[in-house]
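A.B. asks: Start from the sequences, fold in the hints, and give me the full structure.
Line by line, the protein sequences are chains Y and B.
Under the working numbering, the first sequence has 192 at position 192, and the numbering climbs by one with no breaks.
Under the working numbering, the second sequence has 155 at position 155, and the numbering climbs by one with no breaks.
Quick caveat, the hints were computed from the structure, so don't treat them as lab data.
No experiment lies behind these values; they were computed from the predicted model shown.
Treat the hints with care, as some may be off.
Identical copies look the same in the list; a pair holds intra-copy or inter-copy alike.
Said to hold, decoys possible - Below, computed lysine-lysine pairings styled on BS3-like, alpha-carbon distance capped at 27 Å:
hint: 1; residue 1: Lys25; residue 2: Lys116
hint: 2; residue 1: Lys116; residue 2: Lys334
hint: 3; residue 1: Lys353; residue 2: Lys25
hint: 4; residue 1: Lys353; residue 2: Lys125
hint: 5; residue 1: Lys353; residue 2: Lys334
hint: 6; residue 1: Lys125; residue 2: Lys25
hint: 7; residue 1: Lys353; residue 2: Lys116
hint: 8; residue 1: Lys2; residue 2: Lys353
hint: 9; residue 1: Lys125; residue 2: Lys334
hint: 10; residue 1: Lys334; residue 2: Lys2
hint: 11; residue 1: Lys116; residue 2: Lys2
2 protein chains.
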Amino acid sequence: MKLPVRRRDIRVAGFLFSGVACGLKDDGRKDVALIFAEEPAAAAGAFTTNRFAAPPVRVARERLRGGRLRAVLVNTKSANAGTGAPGLARARACCALAARLLGIAERRVVPCSTGKIGLPLSWSKMARGIRLAVAELSPRGLWDAAEAIRTTDAFPKVAAREISIGGRCVTVAGLAKGAGMIEPRMATTLCYVLTDAACEPALLRALLRDGLAGSFNAISVDGDTSTNDTALLLASGASGASAAAGSRAARTLGAAVGEVLGELARLIVADGEGASKVVRVAVRGARSRAEADAAARAVANSLLVKTAIHGADPNWGRIACALGYSGAVFRPDKTVIRIAGVEVSRAAQAAGKAAERRARRAMLGREFAIEIDLGAGAHAASVLTCDLGVDYVRFNSTYSS
Amino acid sequence: MKLPVRRRDIRVAGFLFSGVACGLKDDGRKDVALIFAEEPAAAAGAFTTNRFAAPPVRVARERLRGGRLRAVLVNTKSANAGTGAPGLARARACCALAARLLGIAERRVVPCSTGKIGLPLSWSKMARGIRLAVAELSPRGLWDAAEAIRTTDAFPKVAAREISIGGRCVTVAGLAKGAGMIEPRMATTLCYVLTDAACEPALLRALLRDGLAGSFNAISVDGDTSTNDTALLLASGASGASAAAGSRAARTLGAAVGEVLGELARLIVADGEGASKVVRVAVRGARSRAEADAAARAVANSLLVKTAIHGADPNWGRIACALGYSGAVFRPDKTVIRIAGVEVSRAAQAAGKAAERRARRAMLGREFAIEIDLGAGAHAASVLTCDLGVDYVRFNSTYSS
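C.D. replies: Shown next as structure tokens:
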């Protein structure tokens with residue numbers, strides 16, 4: 001069951017949350033979030049494939065190997081990336097302070113940062129933020145945490161599901177941040193999904209991997225894969241329900257995790273900087289899954305396609321052009337392109353003025369699909385993208401993220 | 001010697017040119033260009049690698065095999081791409097009419113189109129345009145032809161060199177169009193280079209290939225490789241000078257061809273839609289030429305880097321991020337990033353506030369370099385790019401190209 005996401009509604013048994021302001025953001029908004037597991041929680045993580053992976057990503061990757069976590073400490077404003085050895089030491093020091101205040105082992109605390117690359121993370125502000133965050137921990141703090149991890153996000157991103165496992169009520173809830181520098185590959189800009197089911201780390205890793213494939217790894221705002229992408233899935237077991245690998249419970253849990261990730265991913269695209277439309281680019285008929293993905297990404301990332309979407313222009317020529325340079329192998333005379341349900345091109349030719357008019361009207365909606373059949377095979381892939389508006393450019397040429 | 005490019009100055013012996021208006025463009029601007037060789041000219045061509053190659057590209061590719069051409073017929077407004085079999089027949093019919101009026105073999109006429117994809121090319125307008133273009137042919141018509149091949153170009157793009165071969169004066173002159181849908185791979189949006197030297201087609205092909213590698217194949221405006229990219233190099237021999245493969249004359253001619261192509265490529269980037277700055281992204285220290293190229297292209301095409309350039313923001317973090325996801329293999333702690341001559345980052349850390357201020361000032365200029373040393377090997381590559389301004393978005397979301 002999809003849970004309504006309201007300010008204080010969502011609880012996940014076994015977890016406490018907080019989101020506080022310690023002055024990292026200039027405008028007094030919340031900037032440090034803490035997620036605390038009352039008992040060691042099973043944990044799985046996925047991280048950026050960017051070679052300039054930030055120091056906190058390196059620490060988190062290492063600590064995830066243990067498979068159990070107690071706390072996740074997140075800060076905004078500074079990505080603590082491009083900060084070298086001092087940045088690494090700073091990430092560890094923050095975790096150490098949180099561990100001491102929480103009375104837990106430091107190796108069970110994972111750091112995450114998001115914000116500007118190359119900007120050192122202020123120790124004095126973080127020390128204050130960590131103390132505040134520990135003091136504010138509450139079972140009702142998930143929304144506060146979601147607010148605190150925002151950078152340029154227009155709204156907090158939260159999604160939740162309630163499922164039943166073995167007659168017990170289990171919650172799966174997630175929070176994420178998005179906005180810019182977004183084409184996650186293998187993971188995402190910050191995303192945390194929590195459940196009170198009991199679950200082994202190995203199964204959690206599988207659920208996270210499968211869930212990300214169809215959600216965060218299939219969205220693109222601007223084609224820039226960030227240095228700090230991190231997705232974590234934590235299971236407290238506090239609901240009393242447990243899911244073992246291969247069981248029906250695991251499938252139920254996996255479906256809920258996938259839905260929560262999918263909803264968060266959609267919220268991130270909807271909140272792409274300057275974006276006003278969410279568009280699913282769905283490619284089928286490709287020779288391989290990789291070619292389907294390459295074709296979908298080429299269309300989703302084409303500036304000419306994204307600006308055409310912004311202008312509600314059913315410009316299938318720009319879509320065909322992007323398919324043509326995507327690297328996918330196909331014959332143009334076998335392709336079909338549909339925009340918002342209207343067939344606008346077949347066999348590399350226009351469907352006509354009437355179809356164009358209908359597509360133009362349908363493109364005025366806030367959400368639609370671009371469907372492409374390459375006619376070359378049986379493989380499919382889809383990517384969720386957004387339009388490119390002047391505000392993206394205005395924003396990113398004046399804001400130094 | 002670099003020739004000044006003025007309205008009626010440039011002649012290339014053995015070639016006649018014209019640029020006329022036949023109503024393809026709504027506003028009465030010139031829209032059809034013709035280049036005519038008085039005797040069969042040796043010819044080499046390079047074409048788009050886009051799978052949606054336009055019908056005229058398919059005809060041109062086939063006719064270039066003969067190695068000799070008499071005429072190049074270019075139209076704007078319709079790319080005659082995404083027009084199927086009727087588009088192919090239309091391209092051939094246009095060439096046939098031009099051939100008949102010029103009294104030459106149809107197989108020696110090459111068609112080129114640029115403009116909107118999926119828009120049929122009007123036969124009645126083209127028939128009128130071809131008649132006018134044949135009637136207007138003149139040795140002084142190169143500038144008119146350059147005007148006629150413009151689409152959204154803010155200015156015509158012409159470059160010329162005068163060289164001496166065997167005591168004879170040889171001219172190498174080129175014209176090109178650019179503006180949007182530009183990341184040529186193997187060739188370019190339309191570009192024609194003409195010389196009055198005598199030269200075998202095989203040597204011309206080598207000169208064109210070498211010249212394009214460092215010019216048109218190393219620029220990017222928006223990362224979109226067009227369906228119609230075409231570059232032609234024609235040699236009339238009318239200067240009386242000849243260049244044989246392997247000779248000093250061939251090297252002199254090759255250098256002039258390279259310079260003309262380089263100048264045209266730079267003009268195209270400078271005239272990128274909405275662009276105000278030309279930036280060379282130069283990568284060295286890569287493990288291979290391919291990785292150097294991938295790294296340079298990732299930086300050159302990153303929306304976050306391009307918007308930062310627009311805002312004169314020395315945001316090396318966005319550059320590092322793009323390098324990190326480019327696919328190139330390197331260690332961040334060995335990298336150095338310089339912007340406009342200022343070292344802004346070393347070993348994945350900031351160089352400091354003073355360097356940032358100096359870089360910011362230098363970025364106010366219209367032309368500068370982003371230099372990256374990956375510290376991983378001995379290979380280098382560079383790409384010429386431009387900034388991304390709000391006008392690119394405004395333009396492409398309202399203009400249906």
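A.B. asks: Compare the structure with each hint and give your call.
C.D. replies: Evaluated hints:
{"no.": "1", "hint": "Lys25 / Lys116", "verdict": "within (11 Å within a copy, 46 Å between copies)"}
{"no.": "2", "hint": "Lys116 / Lys334", "verdict": "between (46 Å within a copy, 21 Å between copies)"}
{"no.": "3", "hint": "Lys353 / Lys25", "verdict": "between (51 Å within a copy, 20 Å between copies)"}
{"no.": "4", "hint": "Lys353 / Lys125", "verdict": "between (60 Å within a copy, 20 Å between copies)"}
{"no.": "5", "hint": "Lys353 / Lys334", "verdict": "within (21 Å within a copy, 56 Å between copies)"}
{"no.": "6", "hint": "Lys125 / Lys25", "verdict": "within (10 Å within a copy, 61 Å between copies)"}
{"no.": "7", "hint": "Lys353 / Lys116", "verdict": "between (47 Å within a copy, 15 Å between copies)"}
{"no.": "8", "hint": "Lys2 / Lys353", "verdict": "neither (42 Å within a copy, 49 Å between copies)"}
{"no.": "9", "hint": "Lys125 / Lys334", "verdict": "neither (60 Å within a copy, 30 Å between copies)"}
{"no.": "10", "hint": "Lys334 / Lys2", "verdict": "neither (40 Å within a copy, 48 Å between copies)"}
{"no.": "11", "hint": "Lys116 / Lys2", "verdict": "neither (34 Å within a copy, 45 Å between copies)"}
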